[in-house]
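For the protein sequence lines, the chains are A and B, in the order given.
Just so you know, we're using my numbering here: the first sequence kicks off at 1 and counts up by one.
Just so you know, we're using my numbering here: the second sequence kicks off at 1 and counts up by one.
No wet-lab data here; the hints were simulated from the structure.
Treat the hints with care, as some may be off.
Claimed, not checked - Below, in silico cross-link-like pairs of lysine-lysine (BS3-like), each with a Cα-Cα straight-line distance of 30 Å or less:
#1 A:K69 with A:K136
#2 B:K89 with A:K89
#3 B:K134 with A:K89
#4 A:K7 with B:K119
#5 B:K89 with A:K119
#6 A:K117 with B:K7
#7 A:K119 with B:K69
#8 A:K69 with B:K119
#9 A:K114 with B:K35
#10 B:K137 with A:K89
#11 B:K114 with A:K89
#12 B:K117 with A:K117
#13 B:K7 with A:K7
#14 A:K114 with B:K117
#15 A:K119 with B:K119
#16 A:K137 with B:K134
#17 A:K69 with B:K69
#18 B:K134 with A:K114
#19 B:K89 with A:K35
#20 B:K117 with A:K69
#21 A:K136 with B:K117
#22 B:K114 with A:K7
#23 A:K89 with B:K7
#24 B:K114 with A:K117
#25 B:K119 with A:K89
#26 A:K134 with B:K89
#27 A:K272 with B:K272
#28 A:K114 with B:K7
#29 A:K89 with B:K69
#30 B:K89 with A:K117
#31 B:K114 with A:K35
#32 A:K117 with B:K69
#33 A:K137 with A:K69
#34 B:K153 with B:K137
#35 A:K114 with B:K89
There are 2 protein chains.
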Amino acid sequence: MDSITIKDVARICGVGVSTVSRAINNHPDINPETKNRILQVIRENDYIPNNSARNLKRTVSRSIVVLIKGIDNPFFSSMIRIIEAETQKARYSFILHRVDLMEDEMDVAMEVIKEKKPKGIIFLGGYFSHSYEKLKKLDVPFVLVTIAIADPKEREQYSSVSVDDFQESYKMVSYLCSQGHTRIGILAADEGDESIGKLRFEGYLKALRDHGIRPDPRLFFHSAPDAECYTMGNGYRLMNQVLASGEDMTALFAVSDSIAIGACKAVFDAGKSVPEDYSIAGFDGLDMAQYYNPSITTIRQPVEDMALAAIRLLFDVIHDSANNRQQVFKGQLIEGNSIRRIENG
Amino acid sequence: MDSITIKDVARICGVGVSTVSRAINNHPDINPETKNRILQVIRENDYIPNNSARNLKRTVSRSIVVLIKGIDNPFFSSMIRIIEAETQKARYSFILHRVDLMEDEMDVAMEVIKEKKPKGIIFLGGYFSHSYEKLKKLDVPFVLVTIAIADPKEREQYSSVSVDDFQESYKMVSYLCSQGHTRIGILAADEGDESIGKLRFEGYLKALRDHGIRPDPRLFFHSAPDAECYTMGNGYRLMNQVLASGEDMTALFAVSDSIAIGACKAVFDAGKSVPEDYSIAGFDGLDMAQYYNPSITTIRQPVEDMALAAIRLLFDVIHDSANNRQQVFKGQLIEGNSIRRIENG
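The following block holds chain A by itself, in its conformation from the complex (with noise of 0.2 Å):
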């Protein structure tokens, strides 16, 4: 495994170490051409950057750490499959650090920024509402991710990438009125939510005022506190809530695909079936949802490339801070089998 060292890369090269190294950390800073010509002589070589060496020189890690609350969450699944490949190409280290439900991620965030000096972190899922104060003084560059800011003001001081949950769950929520719904429960996060949960929420009630349908406190089910929101398990606990409530609803609003599939579970073992008894819509697009049984009307959001623009902005952030920037991505209304048209509704 003996390898060239960076000294003989800029040998070959012509060039300065300094170079060498622009070229390896993808700085922005550099003559496309030379560092074409770097990363070439670096194949061929199998010279391995040393990070060790470098560590002992910058006592930091060359690492990014995803801090991931609601990791059982398989919309994060495909995301943590893209940003690992992205972190591995620019020769980061892809650390991930779960974050417990009842835990703030703001401390768990000063924690490790202390214990593993990343260069960068990606906050998946989580709440930040309370914590402004806080994320000012991280002085480490982040994306949050799928993560909602409620105060217009406070969002732009932050580099984001995700959906417009209110808009898109209104867009939902509306497509079932299109369909000649009028009772619409839904399966919501908890009520204490301060994130997507809430701007889900919020998208539905909008839809319904502005379809001419007041919103029915009696079709509203939200999660317990203390449960795992955004998994087949709640959606099927809260199904069965929906059940023996006795409530008369011909459609459901499920604020995630996972929760909705929960849900359709629980109708079937109820002898009753979907969508003909109960229209049940969900949210984020998995996989799952095209292949479930029936597909769930949902709205996909554009995973691959939400996770792309996030590694792609904190890669942009670490090499100059004023590259903060808010990306919002336009989701998808997919049709499946999980809705009927109710005609004469």
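Given chain A, work out where chain B should sit, using these hints.
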């Protein structure tokens, strides 16, 4: 975020710094009472072990690398969650490193060791049957998880955690036979597979033979070598080949739940039903198998127990390399609604 140093902890406890270090690192060679007192003081004083300082001294990081082949496999998601949790508890960094389908995991491992100097490696998925020589050269403790080593003599030399894939597949296919099925196809890994895919295929062959059924190669549906095998998309494609083949079959054994779910969807899309037209069995025991409609009859691997065993075994090997051992877990056949019984079969 000021915190006390390891020296402060040692002073408060009236022990040496090395004793504190042993307590933090979960070293077996320490009096349990002393260890508890040290950990208590650490908790009360928010002491955070300073990895960077330690790196400077030792030139190694305190990290566990999980090398994963098949990051899309939802079976691994539960494992990652648990392994990450245990790694975090032990105050190691959890580095996730994906191995591409066509990459040799041993080459990747050697590069990762050189770059990241981990304390240990967990291999999740992949093929090692042609890499014994390379495995022997790995100078970092490691555990193989859900990876088959065909040669029993070789197997004994490495720590591993798995079910008996041959025996569990045998169990499932015997169950299909007991339900009266005689024309049983298989949705299998690619023909060149030398790992669990091969063992599950061999379990299928043996079960058929032991039930007086001659295996019929026209009922073998192998994955393409370049396909991500254990995915719903692959199951969907394979089942469409079954449908196009015109071969007469009443049941199919899919070598994973993801494949089984994709296969079910292909059956539905062809206007046919499960289990009436095709009985479909899976393997793994994913949550999804239970929530699917119909629920999938499967072999449940005790994924939580296996993940816990893997990380604990790894820590054991790190602390004492003589602790090498092979842990084989029992699977459990879970009856869903995806298999029909053929009377007078």
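Which earlier hints turn out false for this structure, listed by number in ascending order?
Violated hints (numbers, rising): 13, 16, 18, 19, 21, 23; every other hint is consistent with the structure.
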